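S.K.: One-letter residues, chain by chain:
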Amino acid sequence: MTSLVFYGIDAIHLKEREELLPGRLIVIEGTDGVGRSTQLYLLRPWLESSGYAVVDTEMTRSELAGTGLKQAKAGHTLGPITLNLFYATDFVDRFESQIIPALRAGFIVLTDRYTFSLMARAIVRGADPKWIRSIYGLALKPDAIFYLKVGIDDLIPRVLQRGGFDYWESGMDMRLGADLFESFVNYQALLLEQYEAMTSEFGFQVLDASLPVEQLNEQLKQRILPLLPHG
Amino acid sequence: METYGSHEYPGRLFVVEGVDGSGKSTQIALLRQWLISEGYTVFFSEWNSSPLVKKTTSKGKKKQLLTPTSFSLIHATDFADRTEHDIIPPLKAGAIVLADRYIYTAFARDVARNVDRQWVRELYQFAVKPTVAFYYRVPLEVSLSRILTGRTEIKYYEAGMDLGLSSEPQESFKLFQQRIVREYESMVDEFGLTVMDATLPIPEQQRRMRKIIRPYLLGVRRTRASAKEAAWAGLAREMRPSQADGLERSAR
Numbered sequence: 001m002t003s004l005v006f007y008g009i010d011a012i013h014l015k016e017r018e019e020l021l022p023g024r025l026i027v028i029e030g031t032d033g034v035g036r037s038t039q040l041y042l043l044r045p046w047l048e049s050s051g052y053a054v055v056d057t058e059m060t061r062s063e064l065a066g067t068g069l070k071q072a073k074a075g076h077t078l079g080p081i082t083l084n085l086f087y088a089t090d091f092v093d094r095f096e097s098q099i100i101p102a103l104r105a106g107f108i109v110l111t112d113r114y115t116f117s118l119m120a121r122a123i124v125r126g127a128d129p130k131w132i133r134s135i136y137g138l139a140l141k142p143d144a145i146f147y148l149k150v151g152i153d154d155l156i157p158r159v160l161q162r163g164g165f166d167y168w169e170s171g172m173d174m175r176l177g178a179d180l181f182e183s184f185v186n187y188q189a190l191l192l193e194q195y196e197a198m199t200s201e202f203g204f205q206v207l208d209a210s211l212p213v214e215q216l217n218e219q220l221k222q223r224i225l226p227l228l229p230h231g
Numbered sequence: 001m002e003t004y005g006s007h008e009y010p011g012r013l014f015v016v017e018g019v020d021g022s023g024k025s026t027q028i029a030l031l032r033q034w035l036i037s038e039g040y041t042v043f044f045s046e047w048n049s050s051p052l053v054k055k056t057t058s059k060g061k062k063k064q065l066l067t068p069t070s071f072s073l074i075h076a077t078d079f080a081d082r083t084e085h086d087i088i089p090p091l092k093a094g095a096i097v098l099a100d101r102y103i104y105t106a107f108a109r110d111v112a113r114n115v116d117r118q119w120v121r122e123l124y125q126f127a128v129k130p131t132v133a134f135y136y137r138v139p140l141e142v143s144l145s146r147i148l149t150g151r152t153e154i155k156y157y158e159a160g161m162d163l164g165l166s167s168e169p170q171e172s173f174k175l176f177q178q179r180i181v182r183e184y185e186s187m188v189d190e191f192g193l194t195v196m197d198a199t200l201p202i203p204e205q206q207r208r209m210r211k212i213i214r215p216y217l218l219g220v221r222r223t224r225a226s227a228k229e230a231a232w233a234g235l236a237r238e239m240r241p242s243q244a245d246g247l248e249r250s251a252r
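Protein sequences, first through last, are from chains D and P.
Going by our numbering, the first sequence opens with residue 1, and the numbers climb by one from there.
Going by our numbering, the second sequence opens with residue 1, and the numbers climb by one from there.
No wet-lab data here; the hints were simulated from the structure.
The structure displayed is predicted, hence computed values, not measured ones.
Note that CB positions come from ideal geometry on N, CA and C, so glycine has one too.
Hints are not guaranteed to be accurate.
Below are the DSSO-like pairs computed for lysine-lysine, each with C-alpha atoms no more than 30 Å apart in a straight line [stated by the list, open to error]:
#: 1; chain 1: P; residue 1: K54; chain 2: D; residue 2: K130
#: 2; chain 1: D; residue 1: K70; chain 2: P; residue 2: K54
#: 3; chain 1: P; residue 1: K54; chain 2: P; residue 2: K211
#: 4; chain 1: P; residue 1: K61; chain 2: D; residue 2: K70
#: 5; chain 1: P; residue 1: K62; chain 2: D; residue 2: K73
#: 6; chain 1: D; residue 1: K15; chain 2: P; residue 2: K63
#: 7; chain 1: P; residue 1: K174; chain 2: D; residue 2: K73
From the structure, some residues in chain D lie toward chain P, with a derived Cβ separation under 8 Å [what the hints assert, rightly or not]:
#: 8; residue: V54
#: 9; residue: A72
#: 10; residue: D93
#: 11; residue: G126
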């Protein structure tokens with residue numbers, strides 16, 4: 001059962017409706033290119049073969065705002081506050097129309113990032129930390145948050161292998177360096193600082209993302225197992 | 001990021017608020033004409049007008065995807081884009097910005113939709129505090145008859161149909177407007193809104209509005225002389241220097 005505990009104001013009034021959420025909310029967090037989706041890709045069949053129904057969700061996949069957000073990011077007029085709120089719209093739409101209904105129906109919800117990456121990005125882009133935290137205060141506390149931790153030196157070869165540096169993942173909207181590589185290094189270093197600061201505040205379970213994929217997955221499974229219903 | 005009340009810009013921001021049918025748009029249009037004729041640089045910004053967010057909002061409305069919270073957020077996103085493009089840059093440049101509806105519209109509508117009052121106030125912390133925020137107060141019967149006469153259809157979200165107050169759009173609209181008015185009234189003290197009597201004749205309302213605004217225009221840069229001053233100056237040039245000097249001074 002996912003408890004009705006929130007980081008801030010329960011703006012969606014789930015408590016008022018005395019919602020019962022028999023599912024589980026499991027979050028994988030970590031920066032760009034750290035291997036979150038690979039891990040999720042391995043977790044899903046494992047859970048399903050054990051008989052658990054799984055729903056997965058990730059950023060910019062909301063029906064409401066996903067397309068609009070991608071289009072807005074493709075242009076060059078998107079300001080940082082607007083970008084943050086566009087992401088918040090996308091998150092809340094997924095939260096209300098995917099995550100909550102799935103938890104209500106007893107699914108295991110695996111989410112590729114939650115509010116934490118969104119807050120880290122916002123703060124790095126100059127958002128007032130109190131402001132962004134209050135917006136995402138409507139989010140449920142997950143049953144577990146796994147933070148895939150990586151140092152910048154380990155991150156670079158992974159990202160190169162995956163196809164190189166992306167404009168947004170390099171924070172090029174903030175011009176943090178002379179080129180994509182420099183900007184990527186500076187931007188990711190700032191993000192990693194934010195994740196680090198959030199680790200104890202939000203109770204992240206830290207996992208070493210530089211481990212081989214299979215080994216890291218074993219660690220995740222071991223930690224997820226006791227969280228599962230009748231597990 | 002600067003938050004509500006902490007921005008300091010050389011420009012001025014005047015906003016009008018009120019329910020549909022309160023006549024606020026007429027008033028701000030007249031104010032704009034006057035400010036332009038006085039030689040000021042004026043920017044005008046309307047609610048729900050960001051080109052970046054437009055498609056998402058209309059998709060949400062058309063497909064009825066919006067919950068009160070996502071409705072609130074999509075409008076906040078729209079407003080953020082306006083703030084970053086149409087409001088802050090002109091204010092920094094020392095211009096006068098006029099806004100037809102501002103954050104108080106969101107507070108009234110969202111809370112009428114049962115969004116948490118405190119949460120939505122936090123959401124709009126990035127907004128610039130207006131120099132003056134006018135609230136056009138009008139009895140509900142008056143605004144309803146102005147809106148509903150000649151209208152055959154009220155849109156789903158506009159009527160607050162998503163709230164399930166009534167299955168009949170006109171009835172739902174009335175109940176929804178009632179809630180909105182209640183929220184506006186509670187914000188008068190909370191945000192120091194300047195209340196205007198929207199039942200007065202249009203020219204009288206405008207006269208009062210200009211009188212309230214005039215003291216705030218001191219020190220705002222004009223890009224041209226006002227129309228009146230230009231006329232006086234033209235007249236002055238045809239006269240003897242000593243007389244002309246006196247005339248120009250009296251025109252200022």
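S.K.: Does each hint hold? Answer for all of them.
M.R.: Outcome of the hint check:
A distance of roughly 28 Å separates the Cα atoms of P:K54 and D:K130; the hinted pair therefore holds under the 30 Å criterion. Between D:K70 and P:K54, the direct Cα distance comes to roughly 14 Å. Compliance with the 30 Å bound is thereby established for this hinted pair. Between the alpha carbons of P:K54 and P:K211 the distance comes to roughly 36 Å, so the proposed pair goes past 30 Å and is violated. Distance hint between P:K61 and D:K70 is fulfilled; the C-alpha atoms sit about 19 Å from each other, no more than 30 Å.
Of the supplied pair hints, the one linking P:K62 and D:K73 holds, its CA atoms being roughly 23 Å apart against a limit of 30 Å. Under the criterion of a C-alpha separation no larger than 30 Å, the hint pairing D:K15 with P:K63 is consistent with the structure, at around 28 Å. As the CA atoms of P:K174 and D:K73 are separated by approximately 39 Å, the hinted pair breaks the 30 Å bound. Proximity of D:V54 to chain P is violated relative to the hint, the smallest CB-CB distance being about 24 Å (cut-off 8 Å).
The restraint placing D:A72 at the interface with chain P holds, with a minimum CB-CB distance near 5 Å, inside the 8 Å limit. Interface hint at D:D93: satisfied, since its Cβ lies 5 Å from the closest Cβ of chain P, which is below the 8 Å cut-off. With a cut of 8 Å, the hint placing D:G126 at the interface with chain P holds, because the nearest CB-to-CB distance is about 5 Å.
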